[in-house]
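Peer 1: Okay, here's what each chain looks like letter by letter:
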Amino acid sequence: MDFMGPSLRRGATILCVGALALGMAACGDDSSTDKTGTLVITLSEDVAGDALVDSGTDPDQRYTNTAGNSYSIQIFEYLLTEFSITSAASGKMAVDLGGAHYRNAFNATTNTLTLEKVPVGSYEQLSFYWGVPDAMNFRDPDGRDGLPGEFEFFGWLDALGGGYHCDRLNGAHYDSQGDEIGALALHMGRLDKGDGELTNCHTQISLGGLDFSITSGQETHLTLSLDVDHITNAPVIDFTVPAGMMGWDMTMPNHMAQAAMRDNMGDVFSVVVEP
Amino acid sequence: MTGLAAFLCACGGGDPTAPPKKDPTLLERAEDYFGLSLRDPAANPMTAAGIALGRRLFYDPILSGDQTLACAGCHRQEFAFSDGGNATSRGIHGEFGAVNTPAIVNPGWSTTFFWNGRAPSLEKQALAPVPNPIEMDLEWNVAIERLEMHADYPQLFLGAFGSSDIDSNLVTDAIAQFERTMISIDSRWDKSQRGELSLTADEIVGEVLYNREDRGDCFHCHGLGPIFDNSVVPAGPLVFANNGLDSSPDAGRFDSTQMESDRGKFKAPTLRNIAMTAPYMHDGRFATLDEVVRFYNTGMHADSPNMDVKLRGNALAREAATLPVWTETEISQFVAFLESLTDSSFLTRAELSDPK
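Sequence order for the protein chains is A and B. By numbering that gives the first Met the number 0, the letter at position 236 of the first sequence is numbered 235, and the numbering carries on one by one without gaps. By numbering that gives the first Met the number 0, the letter at position 44 of the second sequence is numbered 43, and the numbering carries on one by one without gaps.
There's no promise every hint is true.
Said to hold, decoys possible - Partner residues aside, some chain A positions facing chain B, computed with beta carbon under 8 Å: (1) T56; (2) Y101; (3) F105; (4) N106; (5) M251.
Said to hold, decoys possible - Partial chain B-side listing against chain A, Cβ under 7 Å, derived: (6) G235; (7) S260; (8) V308.
To be verified - Here are the simulated distance ranges between beta carbons: (9) A:D262 to B:L196: 41 to 49 Å; (10) A:R143 to B:S352: 29 to 37 Å; (11) A:D262 to B:R293: 35 to 43 Å; (12) B:L196 to A:D33: 50 to 58 Å; (13) A:D133 to B:D164: 52 to 60 Å; (14) B:E77 to A:R143: 29 to 37 Å; (15) B:D245 to A:A93: 46 to 54 Å; (16) B:G194 to A:S224: 42 to 50 Å; (17) A:P147 to B:M258: 24 to 32 Å; (18) A:D57 to B:S352: 44 to 52 Å; (19) B:D164 to A:K91: 54 to 62 Å; (20) A:G216 to B:D164: 39 to 47 Å; (21) A:T65 to B:G194: 44 to 52 Å.
None of these hints come from the bench; they were simulated from the model. From a predicted model like this one, the values you see are computed outputs, not experimental measurements. We put the beta carbon where it would ideally sit given N, CA and C, even for glycine.
Construct all of the structure, not just a fragment, from the sequences and the given hints.
Peer 2: Shown next, in the form of structure tokens:
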């Protein structure tokens, strides 16, 4: 669409010529001056190195956590937000994700997030948030939400603090005979600690010691891996510990379980720079 | 200004010297309320002419073999466009289908259609019933011939799409445009969110039961308000679920994906206007909401393969008496909440009714 009238266009042309005369960057669309590339992050999950398999695909798949609980996983989904990369030369810069990335570990259509227009350069750290930071973690009755409406399905109950889940991990856990004890629902979200203060489940993750470059017009690939086992390993979470109506296996209203899982998130992720 | 034009572009009256003040259209209100734009494909943008044509086609039995059955024959407005009272619907030859006719409520935000999700768009969904021998049983080429020979349709298609060269895609494009106007955002629950009224104490308790994991835990599959529909995101694992209806369930989503992990799973529909869409479940086996709640309370089959683990956990826990069963009071409170999701304006809106 032509949005400039004749007089404005002539004025813009004069300005561009003048800029060239001064040795500044040329106006107009010139891809040879594009100083950005694309960062493609592939998400993958495992359980202490074992493949993550949903119980629908393999009803006999079992995992064992640090507490010795045997469990299966039917659903695992989570949100990642606020990606940034850090270089020694220019420090930390945000790369626009356009909101949040929803990942369903059993749906391949969600396993890639593409960050475009990333400034060229050499980088040594990738950072992001597990879950949704405070500034975006709200859903109001008047329709103002921190994330677009399509994320409503990942909303966290208003009665428990509102906003969004950080994750939903559903499965079942079993006794030593292999019989099902009950459902497993390791959901992280906002909670009232009991003193009126709401805690958010979001955790900033920073993965340093990297060496990757963004090249003009090129794609750079990283693989971001999540080890599910680490969610419950230190502090150790035992699914069989009761806690009122819901124990450590149904965590939505269980602040202690929420806090323990959040404490574990620091070493859940690892990243590999792909050649 | 006609209601149709008002849907697309509303203008208020008032002081002629003042800048024109626009009242928000229903679509604008809905998009603002949901925080989500209508999924209006670029290949089929909504226009007044397209919507009007789609409305006419929706109500026209010309699209059936013996010209007795329109889309609206099974999708009836007064029942939120479900087939009120019928477990499954009867086609033109008297045969009953295998599944309950789904309601059509806010379909413009959904990403998957049919109980097994085999259609990713309204356009694709509308292609299926016309030639289906147990539904409308009319081959598309014959349907097109009829439309082309009709006194009005060639001009209507020309006006809507710039072409009187009719094909099945244009027919379903028009129907889809009309269906995207089936917007429902004015139930009692919605009005309570806007502060226009207060829910009753029973309705409030019912909503708590809807959300509590150790009670209904309904929100995980049927969504949170205001959208109340998880299918706005196709990649979510709870768009389709097995709720333990049967120990040996019908194939469900398996028929669409051929994945064993999808056997027995069906789309969890929006619960908006659910009080108007009886009977319930994919096969219409439950006549009332009361029966549905009692099923979830004590009737789920925990041995159903691929059953949602949380529903199964609750079922097992109730069997073992480690989780309390719902009381009669809770059941009625929960039904009261579901009834608060009824939008009577949607059921009677003139712009959605038979145009003739």
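Peer 1: Any of the earlier hints contradicted here, and which numbers?
Peer 2: The structure conflicts with no hint, since it agrees with every one listed earlier.
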